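Chemist: Sequence:
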Amino acid sequence: MITQRVKRSLVATTMGLAVAAGGLATASAAQAYDTGHTKISCSAVKIRNAPSKTSTVVGIGYRGDKVAYDQWAYKKAEKKWYTRGTVTRKSDGKKVRGYMVYQCANPYGTNPAPTPKIPK
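Residue numbering for the sequence shown follows my numbering, beginning at 459 and increasing consecutively.
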């Protein structure tokens with residue numbers, strides 16, 4: 459015979475795992491975290507408030523501007539990687555935080571960038 463306390467514990471654990479699995483299955487972008495510094499390698503790149511080509515542009519970074527990055531995100535719908543970080547512009551010293559296309563702000567400092575594996 460299983461006690462009432464054990465039954466409640468099993469039900470709570472099962473429900474928690476189901477909720478966590480559902481959240482993982484519905485995520486639209488896979489994300490990886492790392493920190494470092496690089497420079498913009500494209501002539502110009504739009505900095506957006508979310509990893510999507512349709513999200514709001516919060517600024518523009520230009521070739522040679524410094525980037526302190528801390529995250530990458532893969533947007534499945536676009537089949538595209540994004541880098542999140544803070545861009546310090548050389549022209550006016552302004553700092554802009556957001557997401558930019560990975561090929562323009564990559565940790566290797568070269569263009570084209572070796573992109574990470576696409577998540578399944």
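Note that these hints are calculated values from the structure, not bench results. Because the structure is a prediction, the values reported are computed rather than measured. Do not take every clue at face value.
Cross-link-like lysine-lysine pairs, in silico, DSS-like; alpha carbons within 27 Å at most [as the list claims (entries may be wrong)]:
#1 504 / 524
#2 511 / 533
#3 538 / 524
#4 504 / 553
Label-pair restraints from in silico Cβ distances [to be verified]:
#5 528 / 500: 13 to 21 Å
#6 577 / 555: 34 to 42 Å
#7 551 / 575: 33 to 41 Å
All C-beta atoms in this analysis are idealised placements derived from N, C-alpha and C, irrespective of residue type, glycine included.
Chemist: Starting from the range 33 to 41 Å, see whether the pair residue 551 and residue 575 falls in it by beta-carbon distance.
Modeler: holds, 36 Å
Chemist: Would you mind confirming whether the straight-line C-alpha gap from residue 511 to residue 533 stays at or under 27 Å?
Modeler: Given pair residue 511, residue 533 holds - Cα atoms ~10 Å apart, limit 27 Å.
Chemist: Hint says 34 to 42 Å; check whether the CB-CB distance for residue 577 and residue 555 agrees.
Modeler: Cβ of residue 577 to Cβ of residue 555: about 24 Å, so the range 34 to 42 Å is violated.
Chemist: Hey, residue 504 versus residue 524, does the alpha-carbon distance stay inside 27 Å?
Modeler: holds, 14 Å
Chemist: Are the Cα atoms of residue 504 and residue 553 separated by 27 Å or less?
Modeler: holds, 14 Å
Chemist: Against the 27 Å threshold, does the CA-CA distance of residue 538 and residue 524 hold or violate the hint?
Modeler: holds, 22 Å
Chemist: So does residue 528 sit 13 to 21 Å from residue 500, Cβ to Cβ?
Modeler: Since residue 528 and residue 500 have Cβ atoms about 20 Å apart, the given range 13 to 21 Å holds.
In terms of the numbered hints stated before, the structure departs from hint 6 and from no other.
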